[in-house]
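**Q** Given next are the chains, with one letter for each unit.
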Amino acid sequence: MSELRQINVSKNGIPKLAILALSIVFAAGLFVVGFDQGHIFSLVYGEQAFTDLYLHELTHDMRHAAGFPCH
Amino acid sequence: MKTSLFIIIVLISGAFAGLIHGTVNFAIVEPYLDQAIGIENQNLFESGEEEDTPEFWVEYEGYRTWQKSGQILAGVILGTSVGALFGIVFAYSRNALPGNNDVKKSLLLAGIMWLTLYIIPFLKYPANPPTVGDGETVVLRAILYLSFIAISGFAAVGFYQLSKKLQNNKKLFALIGYGVFITAVFFAMPENPDEITAPMNLVNEFRLMSVLGVTSFWASIGIILGLFWRKLSPQKETSNYN
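These protein sequence lines are chains L and W, in that order.
Once you know that position 68 of the first sequence is 68 in my numbering, the rest is easy, because the numbers rise by one and skip nothing.
Once you know that position 191 of the second sequence is 191 in my numbering, the rest is easy, because the numbers rise by one and skip nothing.
Careful, some of the hints might be misleading.
Claimed, not checked - Listed below are the simulated BS3-like cross-link pairs for lysine-lysine, each with C-alpha atoms no more than 25 angstroms apart in a straight line:
1) W:Lys164 to L:Lys16
2) W:Lys231 to W:Lys2
3) L:Lys16 to W:Lys2
4) W:Lys2 to W:Lys171
5) W:Lys236 to W:Lys104
6) W:Lys124 to L:Lys16
7) W:Lys104 to W:Lys171
8) W:Lys236 to W:Lys2
9) W:Lys2 to W:Lys124
10) W:Lys171 to L:Lys16
11) W:Lys164 to W:Lys104
In case anyone wonders, no lab produced these hints; they're calculated from the structure.
Everything numeric in this text was worked out from a predicted model, so none of it was measured.
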C-alpha cells in the first residue's frame, strides 16, 4: 500500500518562462512610460499617432517626475 | 520554484509600489509641473507661437487634465515594469544577499538598485521639469540617460561577480573598482545638451520632489516584495512522493 506524502523542497532554479515573461513586461512598460513618442499607437493609427501623442501625454507627468528625458 | 506564484507576486508588488509612487508624485510633484508649464505657456505667448485666448485655455485644460490623470496610471505601469526587473534580480541574488529574512534582503537589494540605477544616473542627468528640454535633442538625451543606467547596472553586476572570485578580505576592492569605474564613466559621458532657462529654485525643488517620489517607489517595492516572499515562499516547490 502506498502512502502519498507532500513535502516542500527548496530549489534554486529560476524558471526561464518567468524570466522571459518578466523581461517582456519590463521592456514594454519602460518603453511606454519612458520613451514612446507615438510609436505604439502608430501601429493602429499610422502617422497621426506621432502628432496626437496620446500615450506620451498620458505618461507625460510621470516621465518628467521619474527623470526620463521629455520635450 | 512556483512559476505562476513568482510572476504574480512580482507583478503585484511592482504595481502596488508604482501606485504609491504615482500617488506621492500627484501630491508633491504636480504643483511644480503646473508652475513650470505656466512658464512654458508665458514663453509661448511672448514668442507669438500661441495666443492668450479662451480657445487656448480650453484646449490647455483638456490635455492638462489628461496628463494629470495619467500620473497614477503611468506610476502603475512603470512600477510593474521596474518591479519585473527587481523580481528577476531578487530571485537570482536572494541566496547571496545578507540578512536573516526576505524583507531585509529585499530592502537591501532595493537600496542597491536605487543607488546604481537611479541616484548615480540622476547625478549626471537629473530630472527636469517642463520648459527645460529641447524637443530636437530628446532622442540624444534618451540614449545618454538609458546608456548610463545600463552601464551602471551592468557594472554593478560585473563587479559583484568579480567580488565572488576574491577572498573575503579583498572583496572591498570590487566595490572600490565599481566606484572608480562609474566615476570615470560619469566624467566621460557627454553633458545634457540643453540649456536651463527656467528659474533654478523651481528646477532644484522639482528635482528634490522627483527624488522623493522615486525613493518612495524603491522603498515600497523592497518592503512589499519582501513581505510577499516571506509569506508565500515561491522558491519552494511542492512535490508529491509515494
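**Q** Could you work out which of the previously given hints the structure breaks and list their numbers from low to high?
**A** 4, 6, 9 and 10
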